[in-house]
Each structure stands twice: as structure tokens, then as C-alpha cells.
Amino acid sequence: MIETKPTIAITVGDPCGIGPEITAKALSLPEIYDKCNPIVISDANVMRQAVDIAKVNIKIYSVDALEDCKYEYGIMDVLNIKNVDVEQIQFGKVTKLGGEASFQYIVKGINLALEGKVDAVTTGPIHKKAINLAGHKYSGHTEIFADYTKTKDYCMMLVDKDFRVSHVTTHVSFRQVPDLVKKARVLKVIQLTNEALIKMGIKQPRIAVAGLNP
Numbered sequence: 069m070i071e072t073k074p075t076i077a078i079t080v081g082d083p084c085g086i087g088p089e090i091t092a093k094a095l096s097l098p099e100i101y102d103k104c105n106p107i108v109i110s111d112a113n114v115m116r117q118a119v120d121i122a123k124v125n126i127k128i129y130s131v132d133a134l135e136d137c138k139y140e141y142g143i144m145d146v147l148n149i150k151n152v153d154v155e156q157i158q159f160g161k162v163t164k165l166g167g168e169a170s171f172q173y174i175v176k177g178i179n180l181a182l183e184g185k186v187d188a189v190t191t192g193p194i195h196k197k198a199i200n201l202a203g204h205k206y207s208g209h210t211e212i213f214a215d216y217t218k219t220k221d222y223c224m225m226l227v228d229k230d231f232r233v234s235h236v237t238t239h240v241s242f243r244q245v246p247d248l249v250k251k252a253r254v255l256k257v258i259q260l261t262n263e264a265l266i267k268m269g270i271k272q273p274r275i276a277v278a279g280l281n282p
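Residue numbers (my numbering): 69 to 282.
Since the hints were derived computationally from the structure, they do not count as laboratory data. By construction, the Cβ of each residue, glycine as well, lies at the ideal position given by its N, Cα and C atoms. Each hint should be verified, as a subset may be incorrect.
To be verified - Here are the simulated BS3-like cross-link-like pairs (lysine-lysine), alpha carbons at most 25 Å apart as the crow flies:
| hint | residue 1 | residue 2 |
| --- | --- | --- |
| 1 | Lys73 | Lys138 |
| 2 | Lys196 | Lys150 |
| 3 | Lys150 | Lys103 |
| 4 | Lys196 | Lys229 |
| 5 | Lys197 | Lys185 |
| 6 | Lys161 | Lys205 |
| 7 | Lys93 | Lys229 |
| 8 | Lys127 | Lys164 |
| 9 | Lys176 | Lys220 |
| 10 | Lys218 | Lys197 |
| 11 | Lys138 | Lys164 |
| 12 | Lys103 | Lys93 |
| 13 | Lys127 | Lys150 |
| 14 | Lys229 | Lys73 |
| 15 | Lys205 | Lys150 |
| 16 | Lys123 | Lys138 |
| 17 | Lys176 | Lys161 |
| 18 | Lys267 | Lys103 |
| 19 | Lys256 | Lys271 |
| 20 | Lys150 | Lys138 |
| 21 | Lys164 | Lys205 |
To be verified - Restraint-style ranges between C-beta atoms, simulated for each label pair:
| hint | residue 1 | residue 2 | range |
| --- | --- | --- | --- |
| 22 | Asp132 | Gly269 | 33 to 43 Å |
| 23 | Glu263 | Leu201 | 34 to 44 Å |
| 24 | Gln259 | Asn125 | 19 to 29 Å |
| 25 | Ala133 | Met225 | 43 to 53 Å |
| 26 | Cys104 | Asn125 | 12 to 22 Å |
| 27 | Tyr101 | Lys220 | 12 to 22 Å |
| 28 | Asp187 | Thr219 | 14 to 24 Å |
Could you build the full structure based on these sequences and the hints that come with them?
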């Protein structure tokens with residue numbers, strides 16, 4: 069029986085940040101291609117620049133549809149969104165250009181997942197203020213995914229081997245935390261976490277709840 073590798077969409081994040089370079093370095097590792105078929109969602113010129121900066125031996129293969137992807141080590145398949153003039157990129161700066169580009173990458177990844185064309189979406193780093201400058205009033209990836217998938221009840225979970233952490237709140241100031249950490253919200257996050265752990269194959273999840281320092 070031939071095992072089918074999952075297709076993973078990679079949204080590179082803000083082109084003014086480190087996301088494109090991290091993506092280039094990650095896809096320079098052959099073991100990535102042993103485990104999945106990665107498709108990068110970005111402007112192809114952004115990734116050409118990132119490959120040069122990262123000094124990795126990868127060829128950029130620009131595609132307009134997933135059906136054209138090669139999924140071969142040494143060739144980075146890039147679903148070319150064509151939304152960035154690389155001459156306008158200001159590295160390390162919060163810009164409307166970076167916010168709009170990264171937002172479009174995320175939305176494209178979400179739509180591909182909803183259409184069943186990819187099995188999962190991996191996201192590069194974005195900047196909340198850049199997203200807001202572009203006119204999109206979200207505080208982070210979690211809220212964007214929830215909105216575009218019409219998900220009412222959700223939380224962020226971080227996973228590292230056998231250690232998993234679910235957040236009651238996301239990207240908010242410390243001042244806002246006491247106002248947001250309420251009994252109903254804590255209970256909902258526990259329920260969501262329990263459901264997720266069962267789906268991960270943990271039959272009887274044990275969940276510890278960290279208290280809020282008074």
C-alpha cells in the first residue's frame with residue numbers, strides 16, 4: 069500500500085519579516101519532502117529574494133495552480149500571488165504593503181483548505197499592526213482563521229510532542245486579560261481542548277488549568 073503524503077500550504081507571513089527566509093531554510097531540508105508535499109503561498113519574487121538571502125540551493129518554481137506543482141526536493145513550488153514589488157520591501161519595518169501581502173497569503177491558504185486542495189496550513193509570522201494598517205482588524209492568525217471558517221468557538225493550541233497548551237486569551241494586553249478570563253470562557257477552552265485531544269488519539273485527556281495571578 070502506497071502511503072499518500074499530505075499536501076501542506078505554507079503562508080510565508082510578512083515579506084518585510086523573517087518568514088520568507090525561514091521558509092527557504094526549512095525547505096532546503098530533504099526530510100521535509102519525505103513527510104509532505106509543501107506548497108508555498110507567496111509572491112514568487114519574494115521567495116527568490118529569500119532564497120538568495122538564506123543562501124540555500126533551491127530553485128523557485130512559480131505556479132498558478134496546485135495541479136502544476138512538482139513536489140520535488142530542490143524545487144520550491146510557489147503559488148504565485150503576485151502582490152509585492154520587492155523593491156518596495158522595507159525589512160524590519162511595519163508597513164501596509166507587508167500587512168496586505170501577508171493577509172492575502174493567509175486567506176488563500178484558508179480557501180485552499182476549505183476547498184479540500186490542501187490538508188493543512190502552516191503559517192509564517194505576521195505583524196498585527198501591519199495587518200491593521202492594511203485595513204484588516206484582526207489581532208492574529210487565530211482570529212482570521214476563525215472568521216473565514218465561520219467558527220464561533222475556538223482557541224489557540226500549541227503542540228510540542230507530548231506537551232500541549234491551549235490559550236484562554238490570545239494577542240491582548242495584560243490589562244485586558246482579567247476582563248477576558250471568565251468562568252464561561254475557561255470552561256469553553258477546557259471543552260475545546262478535551263475534544264481536540266481525543267481527536268489526537270488521547271482517550272482520557274488530563275487537563276491542568278493554570279490560574280491567573282491575582
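Checked hints:
| no. | hint | result |
| --- | --- | --- |
| 1 | Lys73 <-> Lys138 | holds (13 Å) |
| 2 | Lys196 <-> Lys150 | holds (22 Å) |
| 3 | Lys150 <-> Lys103 | violated (28 Å) |
| 4 | Lys196 <-> Lys229 | violated (28 Å) |
| 5 | Lys197 <-> Lys185 | violated (30 Å) |
| 6 | Lys161 <-> Lys205 | holds (19 Å) |
| 7 | Lys93 <-> Lys229 | holds (22 Å) |
| 8 | Lys127 <-> Lys164 | violated (29 Å) |
| 9 | Lys176 <-> Lys220 | holds (21 Å) |
| 10 | Lys218 <-> Lys197 | holds (23 Å) |
| 11 | Lys138 <-> Lys164 | violated (33 Å) |
| 12 | Lys103 <-> Lys93 | holds (16 Å) |
| 13 | Lys127 <-> Lys150 | holds (18 Å) |
| 14 | Lys229 <-> Lys73 | holds (20 Å) |
| 15 | Lys205 <-> Lys150 | holds (23 Å) |
| 16 | Lys123 <-> Lys138 | holds (22 Å) |
| 17 | Lys176 <-> Lys161 | holds (24 Å) |
| 18 | Lys267 <-> Lys103 | holds (21 Å) |
| 19 | Lys256 <-> Lys271 | holds (19 Å) |
| 20 | Lys150 <-> Lys138 | holds (20 Å) |
| 21 | Lys164 <-> Lys205 | holds (13 Å) |
| 22 | Asp132 <-> Gly269: 33 to 43 Å | holds (38 Å) |
| 23 | Glu263 <-> Leu201: 34 to 44 Å | holds (36 Å) |
| 24 | Gln259 <-> Asn125: 19 to 29 Å | violated (47 Å) |
| 25 | Ala133 <-> Met225: 43 to 53 Å | violated (32 Å) |
| 26 | Cys104 <-> Asn125: 12 to 22 Å | holds (20 Å) |
| 27 | Tyr101 <-> Lys220: 12 to 22 Å | violated (37 Å) |
| 28 | Asp187 <-> Thr219: 14 to 24 Å | holds (18 Å) |
Consistency note: the structure conflicts with the earlier hints numbered 3, 4, 5, 8, 11, 24, 25, 27.
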